[in-house]
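One letter stands for each residue in the lines below.
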Amino acid sequence: MKTKDQFLVRLESELAPLPPEEREELMEDYRSHFMFGLQNGKTEEEIAGELGDPREIAQEALHQRSGSSTVNAGGATDPVFWYYGQEPRIDSAAAQGGGKGGGAYPGTYSSAYSGANFGTSPGSRHPEPEARRRSAAVWVCAAAGLFFLNIVMIPVLLALWSAVIGIAAGGVGGVLSPVALLLDYWNTGTYFPAKGFASMSLAGCGILLLILTKLSAGALYKLSANYAGWNIRAMRGRGRAKHD
Amino acid sequence: MDINIQFKKGALELCALALIRQQDRYGYELAQLVSEHIEVAEGALYPLLRRLVKEGYCMTYLQESSEGPPRKYYRITPEGEAHTGWLIEEWEKFISGVNRLIQKGIQS
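Residue numbers (my numbering), protein chains in the order written: chain A, 1 to 244; chain B, 1 to 108.
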């Protein structure tokens, strides 16, 4: 394979995170650069050597693209997320250098300049350990989806909770019914055995209702907590975020 | 070594803009002109030019040439003119500051 084709193929694959039309535009620049160079009597090796390392060029393209608008605290620039399939590489060494040496040009530039011509070895690259950030559009869609889901789900949960509160109130009332009977006797001085039996059965029902309350409240609490947790994870992104 | 790279990074934008300000230039021409004076990986120029266009400092137009591929020319915009002026000012301030500092170091 010829040096020129090798260079261009490598560059194209390194530029994969860019949107196709931008990538094609840049590729066109480099293709014509080769043609001009060859016209001026240079060899493909010379031209490729002058251009530098395709990987460094791609890094530069990614940095320049997200460029000055999104310089973050560390002086590094946000990577471009064109699709989720590929994790963009970030030259952390260069990013740090940009932060330190920053001054008038904080982090807008990356390490394309550290190519062979400067006689420096290319910096080590690690994938950014941070969780990936999502684009604003994805975030808005997630928020809208959750909003409509919650319009339904929150009232449903509230209805379930009020049912539990109702059962609990029934239980408490049942258990307290003998006390009510006692107060009744105190006030009126009369006692009907029917009332006594009724209050006994009410107290029994009340105890059963309270047991039911305890079970259902526990289950519903778990359900609500899980649902809230799921909401938060959905907003943070991809359910991959650490929790629990 | 690292500092040297940082210098060149900052300088490349200034160099490219200064050259385009003189007259319309195409990419290869810019690369040749810059590397005549400073050692730089020419590949870095194209992403930089893209950004300059995106930020409205330059505009591009294609021109067919009798031999070879069509040339993509870069022309400076009024904003680019102003930005270049500012960059040069900053550059000169910086250089003269560093020079004064070095002179002091030599004298004392």
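Read the hints as simulated data drawn from the structure, not as lab findings. All C-beta atoms, glycine included, are put in the ideal place defined by N, C-alpha and C. Do not rely on the hints blindly, as some may be mistaken.
As the list claims (entries may be wrong) - From the derived model, a few chain B residues whose C-beta atoms are all more than 12 Å from chain A:
no.	residue
1	LYS9
2	ALA18
3	LEU19
4	GLN23
5	ASP24
6	GLY27
7	TYR28
8	GLN32
9	MET59
10	GLU79
11	GLU81
12	SER96
13	LEU101
14	LYS104
15	GLN107
As the list claims (entries may be wrong) - Just some of the chain B residues that point at chain A, by a computed CB distance under 7 Å:
no.	residue
16	GLU42
17	GLY43
18	ALA44
19	TYR46
20	PRO47
21	GLY68
22	PRO69
Unchecked claim - Non-contacting residues of chain A with respect to chain B, defined by C-beta distances greater than 12 Å in every case (computed):
no.	residue
23	GLY52
24	VAL138
25	SER177
Inset, instruction - Hints the structure violates: just list their numbers, smallest first. - result: Structure breaks hints 1, 6, 7, 8, 23.
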